[in-house]
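The lines below spell out each chain.
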Amino acid sequence: MVISILDKIREFFTQEEKTDSGSSSVAKERLQFILVQDRIKLSPQQMEEMKADLVEVITRYIEVDKEKIDMDISREEEKMAMVANFPLKKQRK
Amino acid sequence: MEQGKAIVVTSGKGGVGKTTTTANLGTALALLGKKVCLIDADIGLRNLDVVMGLENRIVYDLIDVVEEQCRLEQAMIKDKRNENLFLLPAAQTRDKDAVSEVQMQELIGELKEGMDYILVDSPAGIEQGFRNAIAGADSAIIITTPEVSAVRDADRIIGMVEAEGVNDPELIINRIRKDMVDRGDMMNIDDMLEILAIDILGVVPEDEGIVVSTNKGEPIVFSNNHLAGKAFNNIARRLEGEDIPLMDLENNNSFLVKIKKFVGLN
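Respectively, the protein sequence lines represent chains D and X. Counting along the first sequence from 1, when you hit position 71 you're at 71 in our numbering, and nothing is skipped either side. To convert, take the position in the second sequence, counting from 1, and add 1000; that gives our numbering.
If we strip away everything but chain D, and leave its shape as in the complex, we get (with noise of 0.2 Å):
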């Protein structure tokens, strides 16, 4: 009885800890996202025919998971690197 109206307390004034679940996140990936077109200037479009331009050519090699390509341009230092992660599908035994 007592333990579980302190775990009230406790959810009480724990609850405005929590993060993640209000708007920071959602300005984050848009700003992650504007910042890629900012950066390349390159249009969204425009991104996604590269992104699938670049799928075709490694797809021609090798087996990549197409859902899980990740892509993002971030600043190193003074210079611009684009970023891509291909997962390789999973090998069939």
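Derived by calculation from the structure, the hints in this document are not laboratory data. Hints may be right or wrong, so weigh each one.
[Said to hold, decoys possible] 25 Å max Cα-Cα, derived DSS-like pairs, lysine-lysine: (1) X/Lys-1013 <-> D/Lys-28; (2) X/Lys-1230 <-> X/Lys-1035; (3) D/Lys-51 <-> D/Lys-66; (4) D/Lys-68 <-> D/Lys-89; (5) X/Lys-1178 <-> D/Lys-28; (6) D/Lys-51 <-> D/Lys-41; (7) D/Lys-51 <-> D/Lys-28; (8) X/Lys-1230 <-> X/Lys-1178; (9) X/Lys-1013 <-> D/Lys-41.
Guided by the hints, dock chain X onto chain D, whose structure is given.
Chain X in isolation, oriented as in the chain D frame:
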């Protein structure tokens, strides 16, 4: 005498606190005993004089100096509270093309002879006024607030500052609200640093005291009762090479915090 250091305070987006930051950092450095000259590079829209409470003392301005209507010392206004602090005001009735990048470089070069720090308050935007402001700078402070639009513009400005040969700009995140960060409704410091890939110089919490200090024309660093004032004082000491950790933004006096401490949640 060793040459002073010229630092441009810039942001891209307007209204994020460039002028407030310039005024407070300059005052804080002067309080540390450094000789400081603030330059308002926002030609046509001067404001630094108002934030410093020196608007009634302007006789000559930056354009008068570059056009040789007066000597540099005649245009420099001595602060009313600190004799180490000077302001070179912008012209209010001219436009940004009245001064060139070369003229700004020469002006700052001259000021470096007698000053420890020259802080240049940049206008918003990425046009000529911004180029003039960074022309003579040795380093840059980028101001942002925790908003998508401000961080976006900061990213753009970081790229432009580096393209102009001013390397390793540092970031000040202004107007952060701990309560909103905690409930996930405001980007946190790490989010912004990760996105911008830049070193942090300081974090300044949102503080009503800033409005009051601007109303009065008295920089908030004179009072250590305000979190924002303390934050600016910390940043000044970091510029001086002191190793001071980022401020704990928690307001330790709030009722909830006290209770949390009591029940062992902090």
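A quick look at each hint next to the structure:
As the CA atoms of X/Lys-1013 and D/Lys-28 are separated by approximately 18 Å, the hinted pair is consistent with the 25 Å bound. A threshold of 25 Å between alpha carbons decides the hint, and for X/Lys-1230 with X/Lys-1035 the separation of about 20 Å falls inside it, so the pair holds. Among the hinted pairs, D/Lys-51 with D/Lys-66 is consistent with the structure: their alpha-carbon atoms are about 10 Å apart, no more than 25 Å. Between D/Lys-68 and D/Lys-89, the direct Cα distance comes to roughly 10 Å. Compliance with the 25 Å bound is thereby established for this hinted pair.
Between X/Lys-1178 and D/Lys-28, the direct Cα distance comes to roughly 17 Å. Compliance with the 25 Å bound is thereby established for this hinted pair. For the given pair, D/Lys-51 sits about 15 Å from D/Lys-41 by alpha-carbon distance, which is consistent with the 25 Å threshold. Distance check on the hinted pair: D/Lys-51 and D/Lys-28 sit about 22 Å apart at the alpha-carbon level, within 25 Å; holds. Proximity of X/Lys-1230 to X/Lys-1178 is assessed by CA-CA distance (about 16 Å); at most 25 Å being required, the pair is judged to hold.
Distance check on the hinted pair: X/Lys-1013 and D/Lys-41 sit about 19 Å apart at the alpha-carbon level, within 25 Å; holds.
Checked against the numbered hints given earlier, the structure satisfies every one of them.
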